[in-house]
Structures are given as structure tokens and as C-alpha cells.
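K.L.:
Taken in order, these protein sequences are the chains called X and V.
All residue numbers for the first sequence refer to my numbering, where the first residue is 1 and numbers rise by one.
All residue numbers for the second sequence refer to my numbering, where the first residue is 1001 and numbers rise by one.
Any given hint might turn out to be false.
In silico contact screen, one side only, chain V against chain X (beta carbon under 8 Å); selected entries [as the list claims (entries may be wrong)]:
1. Gly1003
2. Val1005
3. Pro1006
4. Ser1025
5. Tyr1133
6. Thr1177
No farther apart than 20 Å at their CA atoms in a straight line, the calculated lysine-lysine pairs in the PhoX-like style are these [to be verified]:
7. Lys32(X) to Lys1131(V)
8. Lys1031(V) to Lys134(X)
9. Lys1443(V) to Lys1399(V)
10. Lys20(X) to Lys30(X)
11. Lys31(X) to Lys1131(V)
12. Lys1131(V) to Lys35(X)
13. Lys1192(V) to Lys1251(V)
14. Lys1031(V) to Lys138(X)
If you want the ones that stay clear, here's a sample from chain X, every Cβ over 12 Å from chain V, calculated [unchecked claim]:
15. Val9
16. Tyr18
17. His27
18. Ala82
19. Glu165
20. Thr235
21. His244
22. Glu254
23. Ala265
24. Glu297
Treat the hints as calculated values from the structure; they're not laboratory data.
This one's a predicted model, so the numbers in the text were calculated from it and none came from an experiment.
Each residue gets a CB set at the ideal place from its N, CA and C atoms; glycine is no exception.
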Amino acid sequence: MDAMTDIYVPSQMSYEIYSKIYMAMLHSLKKKQTKDAIQQGNQNHRRLQGLEYNSVLGGADSFSIIGPSGIGKSTAIAKSIALSGGNQIITTENPYAQIIPCINVQCPHDCSVKGLLLAVLSQVDMATGTEYEKLAVKNRASIDNLIGTVSQVALNNILLIVIDECQNICRNKGGVNLVASMTQLINASGVSICLVGLPETEMFFEQEMQLARRSVGLSYSALSCNDYFIQFCETLFSYQYVAHPSKLTPELIELLYECTSGIIAILVSVIMEAQQIAILTGKEKLNKETILIAYKERLKNVQDFVKVIPKKRSQTSSAAKKDMMDIQKEVHDDGTYVDIQAVTIIKQSRECGEDVIKLLKERGFFVEEVAV
Amino acid sequence: MTGFVPSIYPDELVYSWFCRYYVHSGYTASKTALEDLLYNRHCNPSKEFIGHLNPTMEQIIKNMYPIDELVLEHTMFPQYARFIKCIKKKDALYRLGHDFCDAHLLFTILPRSEGDKYLKYCPLCAADDRKQYGEAYWHRKHQIRNRDLCTKHRCKFINSKITATSSQTFTLNPAETAIEEEETVYIENPLKLEFASYMEQIFKAPMDFENDIAISDILYYGMEGTKYMSSTGKTRNTQMLAEDIQKYYRKIGLNEVASIYQIQRTLLGSRSDFSIVCQIAFYLGISVHSLLYPSLSERQILSVQETRCSKEETPEDWKQYDEEMVPVLEKAASDIYHGNINDMGRPERVSERLLYKYAGLANHRLENMPKCREILSRYKESYAQNWARRLVWVYRKVKADKVDKPVFWCDIRELSGVKKKNADVVIPLLGQYADKTDADAIKSLLNL
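Pulled out of the complex, with its shape left as it was, chain V reads as follows (with noise of 0.2 Å):
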């Protein structure tokens, strides 16, 4: 049982107010103030988020705040959620501030860098805080990646000596001991500041669960008139973008700037990191406006997912499509199997992943195919039984050429990749593929 909780202040990070919370219970060790606060000791505070909650606190923290605003307004959802797909933002949501679910189940959270790993304050916002309230805190906004200064001050922020991941976090560490004196370090660049500002911008808009444009169609149409997009739109230059954006971005000054891959993945709709969006956004001069609140016919959107790559196409009937196919994995199977595939015709393991490569299909397709499957399924083979299967391929072959002469051990190693510490196990197999006069000279050389 607790005897007081203080108020959340404005933009405040829920990781701050527990930490005010510690402050003025009187305890002398955070370790008390977490054991009243959290589930059970095991549990850690979480920086961005709210962690797992003690029911006695999660009570009267509901009669304080709704839970849904402490985790839309005090933490940083926003910069993860943003611009995921509506059904994912919302279960993510539910899922945060009722069953208080590790935050990297829901969303993508990429590793920190440098510049990121420590939880930052504007030292003019903390004595407006001292001012204000008597006590400074954790802003929200000053923990968004790759966001260095402060837009209200045109100050650079500062790291503190606290790390800003949870993994290795068991105390709570209040602003307020944790801010000290620091000299005030302005910034004049005009295109950080306003770049600073288009992110604050996109972070504090209220979050949208109706509208599920994806974010890489958004950006698709950012890109239209520009160079970077053919006239007919089936074209874009990826490369000249990527390249265009680091030197952009090297200019002004930034820490993290994208790369070519994430610029690209971004693009094709399978990520959606917030600097990375904001990174691109910014650059085709997309506005805080038409990139939170798109207005795109349905018309529109099709069309960009008509320029994507064939083999990203779903099928729409994967019975049909299961039976279709059931010639080419027959084919590709056996290719495999008996040695088609390679220029020498040695025979390998048929593995999905060989499988996937030389049918042609896009990965993990065969999860939705049964019939292709068990072609798998018949093919397959342990590695000792490949092994053996091999051996005996290429002892013949060497014997063929070599005619009468002899063969040798190191003829056959080449060849065949199996090594002689694999002979326990592929020793017992040859008679199942060779005749005895065949095994027993592949034992005899295993052997020696």
C-alpha cells in the first residue's frame, strides 16, 4: 500500500514519474519504491514504456490516468507505432497498458547508437522545469532517436550518465538528481532545427487508428515529380535517392543517417522505422500534414503495389497454386537429388532452401503447400545418407577416368566434400547404395 503518488507533468515519460515517485516516498533504497511500483522483483523498470505493473499500483494509477493516455501521451509510443499498421498499433496499445507486454513482441526496436544510448535533457528545459514545478524530469520528446537539440531552446541536448535501455535496468533514477549544471551549446543550423522540428512534429500528433495507408505508398507518392521516379512511376532509382539522402543528411550534421538497404526496405513497405521515414519524408519535402493524414484513392494504391516485384505477388489460391507446382518441385527435387543442378552432376540433399531457390518460389512459401511438401517429404535424406550417396557418385566417376589406375583418398575428398572424421557414421550406409566391391574400397580408403 502506497500513501502518495504525485501527478504525471506535461510530456513526461511514465519512467520519470516513478522515478518522482521514489523521491517522495521517503524510501531510502529504489529497490523499495520498485517492489511497491512492479509485478515482482524480477521485473524491470522500462524507460519508454510502463513495464509490468503491481495490481495495488495499477489500481490507483487508473484512477488517475486512463491507461490508454499514459501510454499514447508518457511514453514513446508514438515512435515506434507511428506508422505500423493500424490492427498492429492498436493491439499494441491494448497490449502495453492492460497486459503490460515487453514492448519488442510488439514493435521493431532496433539497437541504439551512440548518440542514443543515454537518456537526454535540455538543460534550459530543466530549469524551466525547476522553475515551474521545483523539480526536473524526463521529457518525452528529448528521448526520440536520432534527435540531438532542442526545439524550443535551439539548444543541443545533453546525455545524461543514465542509460536509456531497460535490459540492464534495477534503480530508478530521478531527473533531478541526475541533471546537473551544464553549459548551453546552441545550434544555428537552420535545416537541423527545422528537421529537429518535423520529427517533434510527427512524434506529438495525435495517433491515428482509422487511416491505414501504408507509409511506403505515402512516400511512393512523395517521390512522384521527382527525379528519383520515372514519368510512368514504374521506376524508381533507390540508389540515387540513398545516395542523395546521406549526403544531404552528412551536411546538416546528423548522427545516424539511413543507408541504401533501410531506405530500401522502407520503400518496399517492409519497415518503417520512424527516423528513417522522417529521414525521407523530410527530404522529398513531404509535409507534417499529407504524411500523417494521407488523402490516397484506393485507386492510387493499387497502382503502387503494381510496381512491385512478381515474386513479392501473394498467390490468391494457394490450393490451385499448391497443385500447379507440384511438376516444377517434382522436377527441381530430383535435379537436386541426382546431381542435375551442378556443372560436375554430383548429387546433393534436397533442402528447402534448394528447393526454393531452384523452383523459383519466395521463402516459406511451402508452409501454405502440403502437396509440394511431401514431395519434400520423399526426397528427404539424413546428412550421413547424402554423404554416403555422394562417396560412391564420385569413387565411380574417379575410377572411370582413372581407368586402371588408382584411386586415391584425396580424389575422392575433393570431389565428394566429405571428410574422413564423418566415417563412423557414413561406413554402415555404403552398402545401401554400392555393391560390397565398391564398399569395401570406399572403407578401405575412409579407413586409412
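Looking at chain X on its own, in the form it has when it is part of the complex (with noise of 0.2 Å):
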């Protein structure tokens, strides 16, 4: 069953990264071993010497790819890359060079420059047999080294760097200092970087021109419930492992949805944990229940985050939401059953000076704070 985690279906999103990585990719091989290059790396050199120094390249490439989590970012960059070339080193003979198509870093929680790019090098060490990581450590490279060499290193050795997990940037107060040094790297080396991030990121890339330019690139959000959407559920039906597998109706195709809000990641886990409490259970289906348990139970946590567009469902849909509980009811002397109004909660907390809005949940009323 853990095949279903390796099943990828193109999207438009994946011919669009592609393309994206492919054309940085080149853009950065094109650069390579040309008059400009060897003038920054001299510039480069002078600058490790602490002598006066210009920048030659210019502003290369970088650019970022925004999403919300899950819905096949990383995965279709992986899978990008591996059609590219991949870890396939690209060695010359004459200049000897080992020219590493892409490096994958994760951006620092702390977003520590130093840590940052001891990371690449650490990623170039790996691929091509050197030291240059021990050597900064052992010599404890100060950052302005740190860029120094990591520039040196990408005007010769790498075509584009990705770094995931951007939204760290914008949780800690050194993400400028982060942002401000990439920057600079791609300024001295003209390698190409890729910021991949939550889109939170591009609240932070809004703040300032400079910054904005530099996270020119793809923007996704979740899938809307598309002939994608309904392809990629295909597929995963078409993976069942239980006893009696079941069709896939369009009304099991409105639930998957609602329950995933579109998003790739949660529909695979929900497909996945539904068979397996199927096959556990004994009922041996994929069905309505059996997708709606394992929502509930298997997938707690995630039901916070996806967002849910309410819409008419038909009656064999029976989606519950957590936001939707039973509104508690009061007992009046003749022994019936009435709702609560929403004013007599609100009456009360005005009298007890409680909060209305927790009042309010208690009771089983939806509530969303919007700001004004």
C-alpha cells in the first residue's frame, strides 16, 4: 500500500516548474566559463582578500514557488530535476569542472546565514568529493568568507540552488539578514536560486521592492476540484487493495474533495488510511464510511487547516465538520428540546462579562473572527 506515496500525476503545475527549473538551469550553464564569469571570480577572490572589489554578472536568476503545503511543490521539483539531469554531474575535461546541476537546502529554522551556506557546501561536498565545508568549519569562516566561497564555488560548480521551507524567513527576525545575503550570492556568483516556501512568503517578499523582485515565480494554491482532481482520485482508486473494491462515483469525488479541500497530499493519506481501516475493520470497502471515519479519526489534525468551501451537497454526501457541532439545547419546564439563541448567549455574557465568542463555541455555534 505504501506505493500510493511514489504515485505522481502530472499537472499543469508540474510542466510549469519544470519548465521553470529546466530554462534556470540553463540560463546558469550559459554563464558558465564565460569572460563575465572569470571576471567575478577574480572579483570574488578580491574580495576574500579583503581588497576592493566590483560585481561583474549582475542580477541572475531567482525566483520562487508559493503554495500551500501539500499540494506537490517539492515533489514536482524533485521530480523536475530528475528530468533535468538530477545528480548527474556534469564533468568537462578542458576546464576540469564538475558541474553539479542542482543543490536542495532547507532554509535554517533560525535563518542562519552561516548555516545556510555551510549547507550548500556541504550539499557540494557530497556530490563532488571535496572539503569545502571541513575546510570552513575547521578555519571558522567568518560569513562574509562564508559568501565569498560559496560564490567562488556556485560560479563554477552549481547551476541552480533550491531552498525549501522560505516561510522561515518570515518567522524569524534574521529572514531579511537571509533574504539580504542571497542576494548577494546571486549578485557574485550568477547561479540561479529558487525559493520554495508556504504563502506566507509572499507577505514577507511584498515589503519591499528589491525583494519582490527577487520572488518573481509561480504561485499555486489547492486544487479546485477539476478534471485533475477527478483523474488523480481515478488513479488512486484504481490503487485498492481491500477486499470488494468499489467505483468511483462523483458523489465519493464531492466527499474526497471536501474532506481534502484540494489538496493533494491529504487526498492520498485519506484514500490510504480509508483502505487500511477498511481492511482493518473487516468491511473490506472503500466507501462513504469508511472515507468519513478515517477523516475524522485518522486526519484530526489536519482538519483545522483545510479550508472548507460550503456548498449544496446531495443528500448521500453526509461530510461532518468539526467547526459543526450539535447546537446544544435547552430543556424548557414543559420538557421539550429548543434550540439556544445566538441572543440569549450573547445577552448572558454582556451579564457574566464572559467572552461571547467562547460562550458562543461552547453552544455549538460556528464562529469566524474576521478583522474589519
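Once you've looked at the hints, go ahead and assemble the two chains, each given alone in its own frame, into the complex.
P.N.:
Take a look at the structure:
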């Protein structure tokens, strides 16, 4: 059943990401071993020696791939890199160079510039057998020196650097510093840099023009319930391990969409978990019931983050939402149960001085706070 | 392991190539680059040749360029090996490229003059390099000794601050960093330009590993028909030639003009220094082609050798020569031992040097003459023995001359040349050469 996690169905996003990555690598490769690159190399060396230096290459490719978690950004990037050459080092004999198509690093949780640069050097060392990272650590290289070294290494040996988890930039006050260092690296090496992160990264880059310019790129949201989503569901449904495989109906598609809000990772998880539940409980059928159980019991933590777009559902679908618990009823003197009125609760909160939102939620009302 | 090695530029020194490797490596210190390049941390980078390479780097370099090509076209090999014998040339080429031998063991590398102490560059060539390649580099032909101008731009070379010797070199100094913006000084002297061009053409010409005609023979025939050689060719006026050459090149303004000794040794074939040969050849009007690709017959070469002094002739049969020289050596050794070689008759110590001098032998010949060496061994004595023998002879002579007058130490000292401080080692040996009375008398004079 683990094979389901390896399923990959290319989407429009995949094609765009592949195209972007391929073009970035090509653009970076064209700059290698040119006269400008050699001049830039000499300027980088001057910088390392503490002499006056200039920038020759100027701004290179820098772009972003932004989207919510689970829509398949990292997978699409990995697939694109694999198709573009993957980890195959391009070796030239004269000049002798080992060119790495792509270096994939994670943005440090503390936005440490040194951490990121050492991570890049470490990846280069693993790919080419050099010892840049070991030397940098041994010599206690400063950040300036590290930027110089990484610039030279990137100038000669790297086509594309992918920095994942860029939302860490927004969550840490060192984020601006990190972006500035990346800008310096881009200017000094001519290497393409791809920033991958969640939508909050966009808000960070919108602050300044120079930041916005660096983050021009691809932005995605969760899938809508479109042909691709249906095709993906059909593909997943062809991987049924239960004793009684079921057909994919429009209602099931709708249910799946409501449970996952178009996020592919959650979709795969829901179907996998539903099948496991079906097998373990003996039901041996992938249907609405097992899907709902999987959603309620196994995917509790994601329910807060899956925004359900309310729509008219057919009677066969019975998706339960955590937000919408049953409104409590009050018992009247004659023994009948009547729904509690919202106005009653509001009045009560004013009298007692309690938080009205808390009281409404406790009584089963769905409450959403919005900024005015 | 290394990730990037740049290509070598035309006419670039290997040292300059290594400097650019350091620049583009991203290392902060040249020590790290040297560890990548060289065999171990005790090896210094060589400015004029390749140096002892690290095996990994050696493999990478050999995949990029044939090592022989590197030695021939990117080191100063043509300067030092141009005019030496073919067998030595081939040996040097192999050992420099594959054994990474020290060049001082293969060639005669003279000390540098003031003008050649630093790496030189042409500011206009540097500007051209920056325009074409994006960076300047150390050119090989700019480092030719005793040449200080660029024939392409007709301007003077500038001395950088980087020493040209390899002995005290511990860092890599790239040209791009070392070469600064300097004012260009143009040279108008046509002769100086012509001579510089002459040297450059000889330097750049492909090395000949087949033609083994000695440079002295070529220069000999270059003198034919000039006032420096008689019509028969048997006599050469080297003194006049040297004076004229010195006058000529001083007028041009050459930094280091050949001395008479250097010219003489070159004409006799015992030296083949590039600058000296070029000076002589250029002055005599020998063309580059004639110098590099001479066409002398066997007869002509033989006739040159016949004009040389007889003591330079090597015996054909050493055994026979050894036997013939035994009585000559015996007489010479005996004369030295018994004091027949000087006017006062004082006995001397039989040494190899004195034997060569008084027997008329060329130096080092005894190495090939075992019978004659035996004679030397028979007359062998220590310094102490010789002093004792001398003292005894002097004492007897002085005593005979002075008849009844007392003999003083100063009489002995002047004639014998023996010092009182050596008394300790001499006194025990006096008994071997004199009777007790004379030995005691000499002892008492030494102890005073």
C-alpha cells in the first residue's frame, strides 16, 4: 500500500515548474566559463582577500515557487530536477569542472546565514568529493568569507540552488538578513536560486521592491475540483487493496474534495487511511463510510487547516465538520428541547462579563472571526 | 579532490595557471590551494617549472594536457635546455615532467641579476589579456632573463613585487592581483628591439631533440670570415671579440653584458647559457635559423675540435695511458716528497693537486688511472707526518748553515712553515725521521 505514496500524476503545475527549473539551469549554464564569469571570479577573490571589488555578473535568475503545504511543490521540483539531469554531475575535461545541476537545501529554522551557506557547501562536498565545508568549519570562516567561497563554488560548480521551507524567513527576524545574503550570492555567482515556501512567504516579499523582484515566480493554491482532481482520484482508486474494490462515483469525488480541500497530500493520506481502516475493521470496502471514519479519526490535525468551501451537497454525502458541532438545546419546563438562541447567549455574556465567542462555541455555534 | 581547474592560456607559465586555480577555487588562503596542487606541505611552488605535484592533481592535469607539452610550452625549459646536448635535453624533459625533479639538478641555473629578480609584465599585454580573457596572467616569454622589453608593444617591462625565484616561495601570487595600472614606457632603440625579438624567436622555437651539434661549433663557424678568427681558423681573438661585444651591448643598454670569461667558456663548449649564446650569435650576425637548425658536416665539426688545446683531449685508451704515465707520476711524486720542486729543497706533502700540476695531467684524470693512483697512495702521509719531516729537514739545514751558532725557533719557523700550536701532534712523530739528539733538540725548540 506504500506504493500509493509514490504515485505521481503530472499537472499543469508540474509542467510549469519543470519549465522554470530547466530554463533557470540553462540560463545559469550559459554563464559558466564566459569572460564575465572569469572577471566575476577574480572580483570574488579580491573580496576574499579583503581588497576592493566590484560586481560584474549582476542579477541572475531568482524565482519562487509558493503554495500551501501538500499541493506537491517539492515533489514536482524533485521530479523536474530528475528529468533535467538529476544528480548526474556534468564533468568537463578542459577546463576541468564538476557541475552540479541542482543543490537542494532547507532554509534554517533560525534563518542563520552561516547555516545555509555551510549546508550548500556540504551538499557540494557530497556530490563532488571536495572538502569545502570541512575547511570552512576548521578555519572558522566568517560569513563574509563564506559568501565569497560559496560564490566561487556556485560560479564554477552549481547551476541551481533550491531553498525549501522559505516560510522560515517570515517567522524569524533574521529573515531579512538571509534574503540580503542570498541577493549578494546571486550577484556574485550568477547562479539561479529558487525559493520554495508557503503562501506567507509572499507577504514577506511584498514588503520591498528589491525583495519582490527576487521572488517573481510561480504561485499556487490548492486544486479546485477540476478534471485533474478527478483524474487523480481515479488513479488512486485504481490502487485498491480491499477485498471488494468500489467504483469512484461523483458523490465520492465530492466527498473527497470536501475532506481534502483539493490538497493532494491529504487526498492520498485519506484514501490510504480509509483502505487501512476498511481492511482492519473487516469492512473491505472503500466507500463514504470508511472515508469519513478516516477523515474524523486519522486526520484530526489537518482538519483545522482544511478550509471547506460550503456548497450544496447531495443527500448521499454527509461530511461532518469539526466546526459544526450540534447546537446545544435547552430544556423548557414542559420538557421540550428548543435550540438555544444566539441572542440569548450574547445577553448572557454581557451580564456575566464572559467572552461571547467562547460561549457561542461552547454552545455549538460556528464562529469565524474576521478583521474589520 | 578538486571541483574546478581552469584552462591554461597561450604562453602562460604553469605557476600562473596554479595561481588562477587558487583564485577560482574559493579558498581564502593559498596554503589550501597548494595542498591540493603539491605533493606535501614541504614542497614549494616552482615559478619557472611545474614542481612536485599531488597524485590526484597530476592525474587531472594529465587528462587535460600532455605533460611534455606543459613542460615545453608553459615552463622556462627552452631557456635552460635550448643549447645543451640532446641526451641531457631528453633526460631533463622526462625528469621534469614525470619525476618532478628539481631543475637545479638538470641545468646550470645561474644567480639572477638585479633586473631579473622579480616577475615581469608588459602593461599593454596585461590590458589585452584582460580584454580577451577577463584576467591577466604571467607570460612565459616576459620572464626570459636579460630581456626587459615587449617586442609586441615596443615598451619596457615592469617589475612586479613578486620574486622570480622559487626558493623562498610559499604563496601563490596571481597576476590579476599583482599587476597594477602603470605608465607605459616606450622603447625606440631599434637595435635593442631587434635583439629582444631575436631572443624571443629563439626561445619560442620548437625544441630540437635530434640535432646534436654543439653550440660552440655553431659559434665557431659564425666567427669565420670575421676579424676575430685567422684565415686558417686555428686562432681566435677571444679578447677582442669580448671587448667588442661588451661595447656593443653597453651601447644598446643591455642589463647584463657577457664577460670575457663567459664568452670564452661558451666558445670552448663548457657553457651554454641562453643569454650569452644569444649575445654572441646576434653580434656575429648568425640568423635564428642558422643558430637553431645548423647544417655543419662531420668534417667541419671535427676541424673545430682540432683547434682546441691538447690538454683538453681525452685519451682514447686509458689503460695504456695509465701505464705510460706511471714513470712520470713516480718521478713527480718523488720530487715533491723529497723537495726537488722548490728552490730551497723543502720536502712537500704529495697531494693530488700537486701531482696534476707537476705531472702536467688534466684534473680528475687519476680517477681513471688505477696504477697512477697507487703511486699517490704510496706517498700518502698525514699533515702531522709531513710537518715532522719538514721540521727535521729544516733543523738539519739550519744547523749545517749556522755551524756552531745556536739554532732558534724563528729560524725553523720561517723555513718550515710549521706552527707551534701543532706541537702536540708533531712531537710524537719526530722520532720516525730523526735520531734522539735531533728529536730532543727540536722538541725543546717547540716547547719554548
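K.L.:
So, against the hints stated earlier in the document, which numbers end up violated here?
P.N.:
Violated hints: none at all, because every hint is consistent with the structure.
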